[in-house]
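**Student:** Each chain is listed here by its residues.
Protein chains: 2
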Amino acid sequence: MIMEENYPEGKCAADYADEKPSDVRELIRVGKITGETSGMCADYAQANLVVLPQKYAYDFLLFAMRNPTACPLLEVTDMGSRKLNEMAENADIATDIPLYRIYRDGVLTEEVTDVSDYWRDDLVSFLIGCSFSFEGEMLKADLPVRQIEEKCNVPMYNTNIKCREAGIFKGNMVVSMRPMPKQHVMKAALVTAEMPRVHGAPIHIGDPGAIGINDINKPDYGDPVEIREGEVTMFWPCGVTPQAAVMASKPDFCITHSPGHMFITDVKNVNLKYREAWRI
Amino acid sequence: MIMEENYPEGKCAADYADEKPSDVRELIRVGKITGETSGMCADYAQANLVVLPQKYAYDFLLFAMRNPTACPLLEVTDMGSRKLNEMAENADIATDIPLYRIYRDGVLTEEVTDVSDYWRDDLVSFLIGCSFSFEGEMLKADLPVRQIEEKCNVPMYNTNIKCREAGIFKGNMVVSMRPMPKQHVMKAALVTAEMPRVHGAPIHIGDPGAIGINDINKPDYGDPVEIREGEVTMFWPCGVTPQAAVMASKPDFCITHSPGHMFITDVKNVNLKYREAWRI
Chain A
1 MIMEENYPEG KCAADYADEK PSDVRELIRV GKITGETSGM CADYAQANLV
51 VLPQKYAYDF LLFAMRNPTA CPLLEVTDMG SRKLNEMAEN ADIATDIPLY
101 RIYRDGVLTE EVTDVSDYWR DDLVSFLIGC SFSFEGEMLK ADLPVRQIEE
151 KCNVPMYNTN IKCREAGIFK GNMVVSMRPM PKQHVMKAAL VTAEMPRVHG
201 APIHIGDPGA IGINDINKPD YGDPVEIREG EVTMFWPCGV TPQAAVMASK
251 PDFCITHSPG HMFITDVKNV NLKYREAWRI
Chain B
1 MIMEENYPEG KCAADYADEK PSDVRELIRV GKITGETSGM CADYAQANLV
51 VLPQKYAYDF LLFAMRNPTA CPLLEVTDMG SRKLNEMAEN ADIATDIPLY
101 RIYRDGVLTE EVTDVSDYWR DDLVSFLIGC SFSFEGEMLK ADLPVRQIEE
151 KCNVPMYNTN IKCREAGIFK GNMVVSMRPM PKQHVMKAAL VTAEMPRVHG
201 APIHIGDPGA IGINDINKPD YGDPVEIREG EVTMFWPCGV TPQAAVMASK
251 PDFCITHSPG HMFITDVKNV NLKYREAWRI
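Line order of the protein sequences matches chains A and B. Residue numbers for the first sequence, in this note's numbering: 1 to 280. Residue numbers for the second sequence, in this note's numbering: 1 to 280.
Same shape as in the complex, but just chain A:
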């Protein structure tokens, strides 16, 4: 159920750019914020969520390990636990995301702002890195991010790049596309390559047809964006990949975040450059 007012006192997401993640999660937890999180707590990483029963957890963990660019795991919880140990303190996975989706046998059945009533002792939560993190670094490096300029969703495409299978999970990689002035292509590749925990370097640069994309103006997910004269299309592995693989395998129960409604972590984007060193 989406509330008509998604933010208190007529505010918008950008008004929370400088807030502490724990403060924003508190507002989300009590239902005062139910809207999209893009732009909130600007320096901090946001994450995708996939929650599965334990019987699917090994296959999914193996799928992520075998496809780390599309499915960069930030944290995996202990079975049944709603707490995180690494990416956030005093967080509750079942309440701290503004909007969740419930899937049964691969079919979206409910969209809710709190999954406490759906929680089970056999659930395992997977937090997955999100391209919001590297887009922040791109903007700081004066690189254009077209879908932010156009205030729409990033264009995403199915490709012919096969993921490595793991148990019941398989599928092709989904990619996101950002057009780049040709003189900035190398810089964009290097800036994002420094952040492997949030998808990292582009998986392909240039000819969309080479990875099975027939019409760049018709994305399979998200919105089309303008590609200007002299710009090169750059493609990054996308976090929709694991979600698509999960849905295609039709697990009997699954919880995810609703697109754009992410989990806001306590870890700054800049720290995701340093792999594990920040965790000591």
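One or more of the hints may lead you astray.
For identical chains, the list gives no copy identity; a pair is met inside one copy or between any two copies.
Unchecked claim - Derived pair list, reagent style DSS-like, types lysine-lysine, alpha-carbon separation capped at 27 Å:
1. Lys-170 x Lys-182
2. Lys-162 x Lys-250
3. Lys-32 x Lys-170
4. Lys-162 x Lys-268
5. Lys-55 x Lys-250
6. Lys-170 x Lys-151
7. Lys-83 x Lys-162
8. Lys-218 x Lys-32
9. Lys-182 x Lys-83
10. Lys-32 x Lys-55
11. Lys-11 x Lys-182
12. Lys-250 x Lys-273
13. Lys-55 x Lys-11
14. Lys-20 x Lys-268
15. Lys-273 x Lys-187
16. Lys-268 x Lys-182
17. Lys-250 x Lys-170
18. Lys-170 x Lys-11
19. Lys-83 x Lys-151
20. Lys-151 x Lys-268
21. Lys-151 x Lys-20
22. Lys-55 x Lys-83
23. Lys-11 x Lys-250
If you're looking for bench data, these hints aren't it; they were derived computationally from the structure.
Fit chain B to the known structure of chain A by using the hints.
**Tutor:** Using the frame of chain A, we list chain B on its own:
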């Protein structure tokens, strides 16, 4: 059983420095080579092996995911399979390592050159990155690697750095130590940081006491090496960490490589710098 002659025709490991990995694996497979692999196929990555029954595989995979610097996974096989899909072609995990160890309830019971007779349909194999790979890059960068100069094993130490627990697996990190002339410390840190899939950057530089090492001249594993005037002790996460965690949890059955007797992959060390890009 270790054969008295570990290499054919009076050769030593270094005589195989320029051989193709598939050719050396063939000699290992048929029992002509049963010795240590350090120095063989010099440009190619070698890997640690841990083989566990499926019932332990989720916990171990999660332990590796939560402790990626100590336990950098290169490949995880499908249950029961002796084949690899990514790190080597036409390899057989059960025959292509010169010497294996069999553990029952955490106790070493046999050391054998072939584990075909021990294979079971429920076994999962984990290939884990090895510091041989980054030492090769250090030598190319004119950095000293003391235990290679002294022709002994690298000194390794138990520390007070707690690993993140996962199911039945827990323990403290084991580190390897390489002393470095103080003017080369930064270079050594940067060269190894470029190779996160084989332990990556040092976990600690300087004061051994700060990570719980009381006597640097008494390593817990391997051999002591000389630390010269003006040298700084540098510590890296060590692949003994996951093996120690596995043994401490006493799984009813486990196969590993015997120390120094590694699996030789088809993937060049240099390609491990590039995370996943080489796999496309």
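**Student:** Could you place Lys-250 and Lys-273 in one of the four classes (within, between, both, neither) given a Cα distance threshold of 27 Å?
**Tutor:** Result: close neither inside a copy nor across copies, 34 Å intra and 36 Å inter.
**Student:** How would you label the pair Lys-170, Lys-11 (within, between, both, or neither) given a Cα cut-off of 27 Å?
**Tutor:** neither (41 Å within a copy, 46 Å between copies)
**Student:** Tell me, please, which holds for Lys-11 and Lys-182 at an alpha-carbon limit of 27 Å: within, between, both or neither?
**Tutor:** Answer is neither; intra-copy 38 Å and inter-copy 54 Å both fail.
**Student:** Check Lys-170 against Lys-182 for me: Cα-Cα at most 27 Å, and say if that holds within a copy, between copies, both or neither.
**Tutor:** neither (34 Å within a copy, 49 Å between copies)
**Student:** Cα distance capped at 27 Å. Does Lys-218 pair with Lys-32 within a copy, between copies, both, or neither?
**Tutor:** neither (36 Å within a copy, 59 Å between copies)
**Student:** Is the C-alpha distance from Lys-83 to Lys-151 at most 27 Å within one copy, between copies, in both cases, or in neither?
**Tutor:** neither (33 Å within a copy, 48 Å between copies)
**Student:** At most 27 Å between CA atoms: does that hold for Lys-11 and Lys-250 within a copy, between copies, both, or neither?
**Tutor:** neither (38 Å within a copy, 56 Å between copies)
**Student:** Evaluate Lys-55 and Lys-11 at a C-alpha cut-off of 27 Å and name the case that applies: within, between, both or neither.
**Tutor:** neither (42 Å within a copy, 50 Å between copies)
**Student:** Could you place Lys-83 and Lys-162 in one of the four classes (within, between, both, neither) given a Cα distance threshold of 27 Å?
**Tutor:** Between. Shortest inter-copy distance 20 Å satisfies the 27 Å Cα cut-off; intra-copy 34 Å does not.
**Student:** For the identical chains here, do Lys-20 and Lys-268 meet the 27 Å Cα criterion within one copy, between copies, both, or neither?
**Tutor:** within (11 Å within a copy, 44 Å between copies)
**Student:** How would you classify Lys-55 and Lys-250 at a CA-CA limit of 27 Å: within, between, both, or neither?
**Tutor:** Both, since 13 Å and 24 Å are each at most 27 Å.
**Student:** Treating 27 Å as the Cα threshold, decide for Lys-268 and Lys-182: within, between, both or neither.
**Tutor:** Neither way: Lys-268 and Lys-182 sit 30 Å apart in one copy and 32 Å across, limit 27 Å.
Hints 1, 3, 6, 8, 9, 10, 11, 12, 13, 16, 18, 19, 23 from the list above are not met by this structure, while the remaining hints are.
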